[in-house]
Amino acid sequence: MTSQSTAAQTGGAAGASAAQPSAAAAAPLAEIFEEFRAVPDQQRLKLLLDYANRLPELPEAYRENFHQMDEVLECQTPLFLATEFRDEDRTAEFFFAAPEEVPTTRGFASIIQHGLSGQSYDAILGAPMDIGEQLGMGRVIAPLRLRAVSAMFGRVRRSVEGHIS
Amino acid sequence: MSKDFSQYSNPEALVSTEWVAEHKDDENVVLLESNEDVLLYETGHIPGAHKIDWHTDLNDPVTRDFIDPEQFAAFASKLGITPESTVIFYGDKSNWWAAYALWVFTLFGHKDLRLIDGGRQKWTDEGRELTTDVPTPTPSTYPVPATRNDAEFRAYREDVLGSIGKAPLVDVRSPAEYTGEVTSAPGFEDKEGALRGGHIPTAASVPWARAANEDGTFKSREELEAIYQEEAGVGKADEVIAYCRIGERSSHTWFVLQHLLGYDKARNYDGSWTEWGNAVRLPIVVGEERGEAPAR
Chain A
1 MTSQSTAAQT GGAAGASAAQ PSAAAAAPLA EIFEEFRAVP DQQRLKLLLD
51 YANRLPELPE AYRENFHQMD EVLECQTPLF LATEFRDEDR TAEFFFAAPE
101 EVPTTRGFAS IIQHGLSGQS YDAILGAPMD IGEQLGMGRV IAPLRLRAVS
151 AMFGRVRRSV EGHIS
Chain B
1 MSKDFSQYSN PEALVSTEWV AEHKDDENVV LLESNEDVLL YETGHIPGAH
51 KIDWHTDLND PVTRDFIDPE QFAAFASKLG ITPESTVIFY GDKSNWWAAY
101 ALWVFTLFGH KDLRLIDGGR QKWTDEGREL TTDVPTPTPS TYPVPATRND
151 AEFRAYREDV LGSIGKAPLV DVRSPAEYTG EVTSAPGFED KEGALRGGHI
201 PTAASVPWAR AANEDGTFKS REELEAIYQE EAGVGKADEV IAYCRIGERS
251 SHTWFVLQHL LGYDKARNYD GSWTEWGNAV RLPIVVGEER GEAPAR
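One line per chain: the protein sequences are A and B, in this order. So for the first sequence, the UniProt record's numbering puts the first residue at 1; every next one is plus one. So for the second sequence, the UniProt record's numbering puts the first residue at 1; every next one is plus one.
One chain only, chain A, in its complex shape (with noise of 0.2 Å):
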């Protein structure tokens, strides 16, 4: 899994605000683990689809440095991510966009999105490592594939570690 990280930081980064209680902000998260759990396997792959096509459109600022995306090599999935950091309430929004031709891989960029975009850090950097187990997907997908999604949160940790450090 390769992407781009873009660190675009909006707002004034005085006065930090206290964070946020994290088991409130995980929430959304939260509740897309449960929804997967609660369906068998193979809809546990219709759910992944629904989430793949509901990644949402990259906002227009972004959709320059969309071409700049990373070539297919080998077994590479091109991955865009951007982040913006909001310090003063501690939460971090993040873009994704990945071509069509890897639904897979938008499927969980789109629930890594509606899981933890706007939440705080704390409640990012919170977050269970193992997405994919957590979303009951062992055995409906090749557990090395799996953790290309591990792959693709830890990239979006460790902007948001990257830039509070």
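The calculated lysine to any residue pairs, modelled on SDA-like cross-linking and capped at a C-alpha distance of 20 Å, are:
{"no.": "1", "chain 1": "B", "residue 1": "Lys51", "chain 2": "A", "residue 2": "Asp41"}
{"no.": "2", "chain 1": "A", "residue 1": "Lys46", "chain 2": "B", "residue 2": "Thr136"}
{"no.": "3", "chain 1": "B", "residue 1": "Lys24", "chain 2": "B", "residue 2": "Ser85"}
{"no.": "4", "chain 1": "B", "residue 1": "Lys219", "chain 2": "B", "residue 2": "Gln7"}
{"no.": "5", "chain 1": "A", "residue 1": "Lys46", "chain 2": "B", "residue 2": "Thr56"}
{"no.": "6", "chain 1": "B", "residue 1": "Lys24", "chain 2": "B", "residue 2": "Phe5"}
{"no.": "7", "chain 1": "B", "residue 1": "Lys219", "chain 2": "B", "residue 2": "Gln229"}
{"no.": "8", "chain 1": "B", "residue 1": "Lys51", "chain 2": "A", "residue 2": "Leu47"}
{"no.": "9", "chain 1": "B", "residue 1": "Lys166", "chain 2": "B", "residue 2": "Pro283"}
{"no.": "10", "chain 1": "B", "residue 1": "Lys111", "chain 2": "B", "residue 2": "His23"}
{"no.": "11", "chain 1": "A", "residue 1": "Lys46", "chain 2": "B", "residue 2": "Pro135"}
{"no.": "12", "chain 1": "B", "residue 1": "Lys51", "chain 2": "A", "residue 2": "Glu100"}
{"no.": "13", "chain 1": "A", "residue 1": "Lys46", "chain 2": "B", "residue 2": "Gly44"}
{"no.": "14", "chain 1": "B", "residue 1": "Lys51", "chain 2": "A", "residue 2": "Gln43"}
{"no.": "15", "chain 1": "A", "residue 1": "Lys46", "chain 2": "B", "residue 2": "Asp57"}
{"no.": "16", "chain 1": "B", "residue 1": "Lys265", "chain 2": "B", "residue 2": "Glu152"}
{"no.": "17", "chain 1": "A", "residue 1": "Lys46", "chain 2": "B", "residue 2": "Leu39"}
{"no.": "18", "chain 1": "B", "residue 1": "Lys111", "chain 2": "B", "residue 2": "Val29"}
{"no.": "19", "chain 1": "B", "residue 1": "Lys3", "chain 2": "B", "residue 2": "Gly262"}
{"no.": "20", "chain 1": "B", "residue 1": "Lys51", "chain 2": "A", "residue 2": "Gln42"}
{"no.": "21", "chain 1": "B", "residue 1": "Lys51", "chain 2": "A", "residue 2": "Gly138"}
{"no.": "22", "chain 1": "A", "residue 1": "Lys46", "chain 2": "B", "residue 2": "Glu42"}
{"no.": "23", "chain 1": "B", "residue 1": "Lys24", "chain 2": "B", "residue 2": "Glu12"}
{"no.": "24", "chain 1": "B", "residue 1": "Lys51", "chain 2": "B", "residue 2": "Ala21"}
{"no.": "25", "chain 1": "B", "residue 1": "Lys51", "chain 2": "A", "residue 2": "Pro40"}
{"no.": "26", "chain 1": "B", "residue 1": "Lys78", "chain 2": "A", "residue 2": "Val140"}
{"no.": "27", "chain 1": "B", "residue 1": "Lys265", "chain 2": "B", "residue 2": "Ile227"}
{"no.": "28", "chain 1": "A", "residue 1": "Lys46", "chain 2": "B", "residue 2": "His50"}
{"no.": "29", "chain 1": "A", "residue 1": "Lys46", "chain 2": "B", "residue 2": "Lys51"}
{"no.": "30", "chain 1": "B", "residue 1": "Lys51", "chain 2": "A", "residue 2": "Arg139"}
{"no.": "31", "chain 1": "A", "residue 1": "Lys46", "chain 2": "B", "residue 2": "Val134"}
{"no.": "32", "chain 1": "A", "residue 1": "Lys46", "chain 2": "B", "residue 2": "Thr132"}
{"no.": "33", "chain 1": "A", "residue 1": "Lys46", "chain 2": "B", "residue 2": "Leu130"}
{"no.": "34", "chain 1": "A", "residue 1": "Lys46", "chain 2": "B", "residue 2": "Asp133"}
{"no.": "35", "chain 1": "A", "residue 1": "Lys46", "chain 2": "B", "residue 2": "Thr131"}
{"no.": "36", "chain 1": "A", "residue 1": "Lys46", "chain 2": "A", "residue 2": "Val140"}
{"no.": "37", "chain 1": "B", "residue 1": "Lys51", "chain 2": "A", "residue 2": "Arg44"}
Which residues of chain B face chain A? A partial, calculated answer using Cβ under 7 Å:
{"no.": "38", "residue": "Asp37"}
{"no.": "39", "residue": "Val38"}
{"no.": "40", "residue": "Leu39"}
Since the hints were made in silico from the structure, they are not lab data. Note that the Cβ used here is the ideal one computed from N, Cα and C, for glycine as well.
Model the placement of chain B on the given structure of chain A, informed by the hints.
Using the frame of chain A, we list chain B on its own:
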């Protein structure tokens, strides 16, 4: 102008997208889509094609091995395949996973197996029909094959060790994996890795994608001969073994060696680098040189 498949050693192993458009509804034709991306089939596929999942359909869930003849027969029956069926594979990534599925079917002795030249990409680039309708196959009774013919088409690590210095080996991974600069494929840094980097002594480096054109179709026989026979030094050898990291990219190269160039005994080492690079006391060469067979 469509490509003349008679240039290849086994012209029957490939079909064109035009052929598929014309024959996909023939009674003895079964279309199977095999992708790396497990959701791609669901977004749209060639009408009538069934999905085959290399992970859940072809592998034993516990042991690192393929399904056995009983499981294969059950799987083929479920899809309505008979021993007389013409089974056509296609998929994403220049047919990587399609070639892998075709190779596994080969182990069970199914006779008529073919790849769509150019795979899924060519079909979609030509604007041909796709559907999200999933066909309901009429189950057949596929007789259980007497054996899984590993000896002829599949190499185990002992075979590879015994072949060093005797039969040519082709390493189809990326150059950085071959030299040992990285221990996993680019983009796969945290998975499918190995403890040691490098390549099997004497192996020639021919990244798998060199066999394919930009549009995913296979290169001409002349071009393939220049790459494998001459540059890689496989020459007119009786035996040749291809390997990669887990055996999927090398299935693509195996298809080239077996069907397009016609080597008598072409085998795929599916243990590949995730076995070799993690095994104790197996010889490894680091760097661009192919290296010598170790003294025994």
